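The whole structure should be built from the sequences, with the hints applied where relevant.
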Amino acid sequence: MTIRTVTTAVLLAAAGGLVLSGCVAGEGSAVARDDDAGDTWSADTLTVDFATYNPLSLVVREQGWLEETLGPDVTVEWVQSAGSNKANELLRSGAADVASTAGSAALLARANGSPIHTIALFDQPEWSAIVVPKGSDVTSVTDLAGRSVAATRGTDPYFFLLQSLEEHGVDLADVEVQNLQHADGRVALENGAVDAWAGLDPIMADTELNAGSRLVYRNVDFNTYGFLNARADFLAESPDLAQVVVDAYERARGWVADNPEETVAILAEVAGIEPDVAEKVVLERTNLGIDAVPGEAQRAVLEVVGPIFVETGDVRSQEQIDEALDTLLVDTYARRADPAGAGGAG
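If you count by the working numbering, then the sequence shown holds residues 1 to 346, one letter each, in order.
Treat the hints loosely; a few may be bogus.
[Claimed, not checked] DEER-style ranges, computed between Cβ atoms:
(1) Asp233 <-> Ala300: 24 to 30 angstroms
(2) Leu209 <-> Glu68: 32 to 38 angstroms
(3) Thr45 <-> Ala265: 25 to 31 angstroms
Since the hints were made in silico from the structure, they are not lab data.
A quick note: this is a predicted structure, and the numbers were derived from the prediction, not measured.
C-beta atoms are modelled at their ideal positions from N, C-alpha and C, and glycine is treated no differently.
Spelled out as structure tokens, the structure:
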């Protein structure tokens, strides 16, 4: 098995283009602790999310690299995110220091006042599509007019739906959108409570393989990147811990490339899915071969999504979108990322 590492024009732009630095207090000092100098870590607790839509988070948690690096002085707490909206809630409430979302969800949260910053990219996935149940007469996005669609507001599948409708000339007002969490949307699809579902992997792959559901519209460009986000106050107070997390993610990126079968097994176990479902997600729809540094390529993607938020009333004004675009992405940590700095390897 090999991990897909597709290189696109957008990806090249990310590697070669101008990268944003939207600095906040403490980011300029994102350096590792110097044990020889007798320093201590900046906090005694670090809370990080894990999510089945973020394979790197599962590997970091499974391998215990954060715990190994931080030692007995820092307690690492793991909390599960059921979707980008839930990850944003964890960050907004202070229940997590670092959490993973789709890029669109991070922009939405920042535009609506959540003080978060994106400190690294974990993936460029194709994790969302428009799904219909087995035997459905829906064959295209245009057929959704007058139909019901399940989607989780505040997540990439929801924004995928909005972009898909706009591209195909279907007015959002002509579609009944049922706001259901991802797993509930899948259930509603399979029991006939909705006509379609804006799906999310690995649940989407599971319903494909085990219930005969079909993906009637796919567009990788409508799937925004996987963003690793942190609270601004956490970055100001604990840049050393933030750097350790990003270092661990970069170690995980290399580990997944070398151990695809083990990665599939980890995802299958955590998500409670069959290995063939996990294999489809990891090997076919996960692109970890990207530059982890957030920059102009991601901003370009979000500039397309931003005005849709205003049109749908999810954000009050374009000015809020513009301010969020100017302050969301922080490149300091990913630029300094050292895989050897995680797990006691350094």
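Hint-by-hint comparison with the structure:
no.	hint	result
1	Asp233 <-> Ala300: 24 to 30 angstroms	holds (29 angstroms)
2	Leu209 <-> Glu68: 32 to 38 angstroms	holds (36 angstroms)
3	Thr45 <-> Ala265: 25 to 31 angstroms	holds (30 angstroms)
Of the numbered hints listed earlier, not one is contradicted by the structure.
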